[in-house]
Amino acid sequence: MATIALQDLGKTYAGGAPAVSGVSLDIADGEFVVLVGPSGCGKSTLLRMIAGLETITTGQVRIGSRVVNDLEPAERDIAMVFQNYALYPHMTVRQNLAYGLKNRRMAGAEIDRRVAEAAAILEIAPYLDRKPRQLSGGQRQRVAMGRAIVREPAAFLFDEPLSNLDAKLRVTMRGEIRQLQRRLGTTSVYVTHDQVEAMTLADRLVVLNKGRVEQIGAPLEVYRQPATVFVAGFIGAPAMNLLNAAREGGAVVLGGQALAVAAPPGAGPVVLGLRAEDLHPASPGTPGALDLAVTHVEELGAQRLVHGHVAGQPLVAAVTADLALADRLALGLNPRAAHLFDATSGRRLA
Amino acid sequence: MVERRPLLQAAAHLVLILGVLIVAFPVWLAIVASTHPQEAFQTGLIPVWPGSHAVENYSAMLGQGLSNLGAPPLGGMLWNSLVMALVIACGKIAISITSAFAIVYFRFRFRMLAFWCIFITLMLPVEVRILPTFKVAADLRMLNSYAGLTIPLIASATATFLFRQVFLTIPDELMEAARIDGAGPMRFFTDILIPLSRTNIAALFVILFIYGWNQYLWPLLITTDEGYYTIVAGIKRMAEAVDAIPVWNYVMAAAVLAMLPPVAVVILMQRVFVKGLIETEK
Ligand SMILES: Nc1ncnc2c1ncn2[C@@H]1O[C@H](COP(=O)(O)OP(=O)(O)OP(=O)(O)O)[C@@H](O)[C@H]1O
Ligand SMILES: [Mg+2]
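For the record, the sequence lines run as chains F and W. Quick note: the first sequence uses the working numbering, first residue 1, plus one each step. Quick note: the second sequence uses the working numbering, first residue 351, plus one each step.
Derived from the structure by calculation, the hints contain no laboratory data. Possibly wrong hints are sitting among the right ones.
Here are the computed lysine to aspartate or glutamate pairs in the EDC-like style, where the Cα-Cα straight-line distance is at most 20 Å [what the hints assert, rightly or not]:
1. Lys-131/F - Asp-541/W
2. Lys-102/F - Asp-541/W
3. Lys-131/F - Glu-523/W
4. Lys-210/F - Glu-72/F
5. Lys-102/F - Glu-72/F
Isolated chain F (complex conformation) (with noise of 0.2 Å):
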C-alpha cells in the first residue's frame, strides 16, 4: 500500500514530439485512478514511467516515500497487468503464479500459500496446471491478474486490460477489477480508452489529450463539470453537443436567437455544450426552444436518439421512445444544464 506521486512528469521520446508533458498527480494510498484519453495521447507512456519500463525525461516519480525514478521495475515494488495478458506461454497457471515470487527468493511454502489464495480469489483453482493456451480469453485474464496479486504490491498498474475481452465479458471482470480492489485496498492506475469503464471503475478520473492533463476529477464531477471542450466532447455518451455560437448581453445566441441560457459578462464567440439527455421536447413556439430539422432517428429500445440540425450545426437529442416525430422537433433546455466554453481556449466559462 502507498501513495503515488507525480510531479511535472514529461517524456520524450528520441526524435519525437512530447508524449506526455507536465503531468502532476498525487493519488492516494487505496485510490483507484483512471487515466482516459483517445488513442495516442500518452496514456501508456504515463503508465509505463510509473511502472519503470520507460524512462523519465523531466520530472519525478514518487512511490510511498522513495524517489523511483532509476529504480528498476522489479525494485519499485509495482506489479502490471498488460493489454495481451503477458503470460509465458510455456509454464503452467501455476508457474507463471509463483515466477515472480520465486525470483524474489521467497520460500516454498509461502509461493505455494499465496498461489492458492489469489487462486481461490479469483476462481481460477482449477486450471492451475494448465498452460495458457489451454483457457479462455477471460481465464487468462483472470491468471494475469493473478500474477499481480500474489505480489502483494503497493501497486497496480493496468494498460487496457479488458479491451481484447468481448463486450459482455468486459462489463462482468469490469466489476471483478474494482470489487477486488476495494477488498485489497491496492493504490491502483489503471488506463482505458473507453470513458464507460472510466467512468464506472475510477475515484478519479485523469483526462489526457496530447500528452497532456486536461482535467482531474471524481466522474461525477467530471461529467457534471468538463474544464474544456475536449473533456465535454469525450466524457459521455453519445458525445455531448457541441454548438458555435455567440454571448450579447448575457445571454447566448445561436443562428440569432436568444437562448435561455445565462452568459458571463463579455461578448464574442462561445461554444455551448448540451448533452443530449439535457434535451426535451417542447411545444413548439416556445421562446427560446431549439428548432431543430430532423435527419434521422437511432433506436435504443428504452429511448431513441433523434440527429438533426439546428442552425445548420448538428445536434443529437435523447427521447422517449414514445414520441411522435415529425420533419422538426422543437426542443426545450434547462439551463443549469448548458455548458459554455471559450470558444478560442476551448476553458469552461464559469
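Let chain F serve as the given structure and place chain W with the ligands on it in line with the hints.
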C-alpha cells in the same frame, strides 16, 4: 487444396512415388553393392539385387578397415565424425543464440554494425575462406586435433539470424512482465527465451548435425593423422585409390554406415523438427 477428384489423386500419388524412387534408388544401389563380393563389380555392371557377402564386408570395414587406402577401421572414423558433428551443432547453437540475444535485447553502441558484420559472413562459407582459415588454424597448432576440426566451423550467421527472427516474434510485453517479475537479463534468457525457442533449437540441431557430419573439404585439409580422420573424408580416400581397383563393396559398406547416424538423428528428432519449422504460436 482439398480437391477430392480420383484422377487428380492418382496423379499426385504417381508424382510422389516417382520422387521417392528417384531419391531412394541410389541408396538402394549402395546397400545392394555393399552385400556383394569384390568380383561382382569386375564386369563393370552394378548388381541390382542383394548378394550374400554382407556380413564379410561389414565386419571387414569395422574390423580392419583399408589401411593401405587411407581408411583405418570405421569405428574410429565414425567416432571422430560424431564428435565433430556434435561439437559443431552444439557450439553453433550456443554461440548463435547468445549473439542473437545480445542483438535483439540489448541497446549498445554499434549494435546494428555488429549485426551486419555477422550477416555479411553469410557470404563467406568455409570453402571461400579456406586458405586463410587453414593458415590461422595451422599457426594456432590446431592441425590434427578436434579443436581444429570444429572451432573454425562453429561461427554461424545463419543460426544467429534464425534466432534473431525467433526472438523478434516474442512479444515485448513478455520481456516487460519478466522485468517486473524480477527476472534479470540472464534469467529472462534461461527461463523464458530458451524454453520458448526449444523447438527451433531442436530443428536447428538436426540441420547443423547433418552439416557437421557431411563436412568433407575441411577435415581433408586439417587432418593428416589417421586418428583424426572422419568418415566422409575417409570414403573419398577409399574411392579415389591410386594404382588400385576401387573396392566398391567396401566403399559402399562404409557409405551405408556413414548414413546411419544422420538418419538416426532425423528419425529421433523428426517430430520436434517439423514442429520447429512450422510452429508460429508464441
Ligand atoms: N517507443 C516509442 N517511440 C517513439 N514514439 C512513441 C513510442 N511509444 C509511443 N510513442 C508515441 O507517443 C505517443 C503516446 O503513445 P502511447 O502509447 O502512450 O499512447 P496511448 O495513449 O497509450 O494510446 P493507445 O490508446 O492507442 O494505446 C504517441 O504519439 C506515440 O506515437
Ligand atoms: Mg496504450
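Verification of the supplied hints:
This hinted pair checks out: Lys-131/F and Asp-541/W have alpha carbons roughly 16 Å apart, not beyond 20 Å. Restraint check for Lys-102/F and Asp-541/W: satisfied, since their Cα atoms lie roughly 12 Å apart, inside the 20 Å limit. Taking the CA atoms of Lys-131/F and Glu-523/W, the gap is near 18 Å; set against the 20 Å cutoff, the hint holds. Our distance criterion of 20 Å between C-alpha atoms is broken by Lys-210/F and Glu-72/F, whose separation comes to about 27 Å.
For the suggested pair Lys-102/F and Glu-72/F, the alpha carbons sit about 17 Å apart, so the restraint of at most 20 Å is met.
The structure fails to meet hint 4 from the earlier list, while all remaining hints are met.
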